[in-house]
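Colleague: Quick note, the sequences are listed as chains H and E, same order. Every letter in the first sequence is one number past the one before it in UniProt numbering, and letter 32, counting from 1, is 32. Every letter in the second sequence is one number past the one before it in UniProt numbering, and letter 42, counting from 1, is 42.
Among the clues, some could well be false.
[As the list claims (entries may be wrong)] Here are some chain E residues pointing at chain H (derived, C-beta under 7 Å):
id	residue
1	Trp36
2	Gln48
3	Phe55
4	Tyr58
5	Ala60
6	Lys61
7	Ala166
8	Phe169
9	Asp185
Hints are computed from structural coordinates only; laboratory data are not their basis. Beta carbons are placed, not taken as given, at the ideal position from N, Cα and C, and that holds for glycine.
So you can see what is in the structure, the chains are spelled out below.
There are 2 protein chains.
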Amino acid sequence: MTGRITFWFEFASTYSYLSVMRIGALAAARGVAVDWQPFLLGPVFAAQGWDTSPFNIYPAKGRYMWRDMERICAARGLPFRRPDPFPQNGLKAARLALAAAEQDRIEAFTKAVFQAQFGDGADISSDAVLQGCLRQAGLDEALRLRAQSPAIKSALRAQTDAAIAAGIFGAPSFVSGPELFWGDDRLEQALEHAAAAQI
Amino acid sequence: MTGRITFWFEFASTYSYLSVMRIGALAAARGVAVDWQPFLLGPVFAAQGWDTSPFNIYPAKGRYMWRDMERICAARGLPFRRPDPFPQNGLKAARLALAAAEQDRIEAFTKAVFQAQFGDGADISSDAVLQGCLRQAGLDEALRLRAQSPAIKSALRAQTDAAIAAGIFGAPSFVSGPELFWGDDRLEQALEHAAAAQI
Chain H
1 MTGRITFWFE FASTYSYLSV MRIGALAAAR GVAVDWQPFL LGPVFAAQGW DTSPFNIYPA
61 KGRYMWRDME RICAARGLPF RRPDPFPQNG LKAARLALAA AEQDRIEAFT KAVFQAQFGD
121 GADISSDAVL QGCLRQAGLD EALRLRAQSP AIKSALRAQT DAAIAAGIFG APSFVSGPEL
181 FWGDDRLEQA LEHAAAAQI
Chain E
1 MTGRITFWFE FASTYSYLSV MRIGALAAAR GVAVDWQPFL LGPVFAAQGW DTSPFNIYPA
61 KGRYMWRDME RICAARGLPF RRPDPFPQNG LKAARLALAA AEQDRIEAFT KAVFQAQFGD
121 GADISSDAVL QGCLRQAGLD EALRLRAQSP AIKSALRAQT DAAIAAGIFG APSFVSGPEL
181 FWGDDRLEQA LEHAAAAQI
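With the rest of the complex left out, here is chain H:
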């Protein structure tokens, strides 16, 4: 039986970009299946008393994060542009991702959105940008109607509640069995745990 990992990500999150672009290949190499789970960090941060990204609230940490991202993306050969504004509004993208999941296309769609945002610096709250991402993932633009349905809106709220219940406080996060791992820096460790837990 194959190992499984749950991958919690937020569309506006810089470090989620790093994991989105590599988790598929790394997991496949270890025979681990990935459950892609978008959620919203806004409510998580609000519960901590924050009204924006901590990278905006704490300037020294924010300056560091941008430089850290530049260095890591350069080392990995990933294009990197700082989106403006930051954080982006990822609500539409997250709903579309859940709709794409119904057609087994969530990985392709999610990678297209992160590439547009952090590779090209595009605004992912823009319908035109999101349409391009749907096309790139081989999805019909009519998926936008499904993404606006009460079922999908409610499913995204449930995702975020489930993330909080799982003890998640930031993104990306990975869950393998009872273990939570936080941050792209822990992706290998999380995958090794999932691979070792195979039966």
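Starting from the known structure of chain H, fit chain E onto it as the hints suggest.
Modeller: Only chain E this time, still in chain H's reference frame:
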């Protein structure tokens, strides 16, 4: 000419323990010299509006950190006990470390304090514990008098001011040339930068 790295650490910091116990060997293997620079996170956190460790202020993050430390210490064969209270008061230890630096014994003393705190769960504000650390580092207990001198007290305040001026917002942090690296996860990257900057 050998590469150099500046190693900023706080005695109460869990992740500083991880770097304190390995930076010497990793740096030596790359021909990089380490400048050991203790500072106090308290004033750094106070400037961000925090009156204790963020791991206490944000419970989900705190729970995660303790589990993360357990896993990493287990993987590295490092003993790990959670000190009580957390965070410990590291003021005396930091002053003693600056006095130990005057005798070129800061690494040995610092490792002894971190081992006592996170390996044995000892209280590092205790004079008896600190005396044991001095002995372990081959230092005279009379160093306690030097550690209470106005010169050392003022030097520690200057350390913390210098850390803030360098953009440091957490510990451990590493500086190589113009580059800042934060967290034990970035130690290898920081050392590679320092090694590559050798002339």
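Colleague: Which of the stated hints cannot be reconciled with the structure, identified by number in ascending sequence?
Modeller: The structure breaks hints 1, 3 and 7; every other hint is satisfied.
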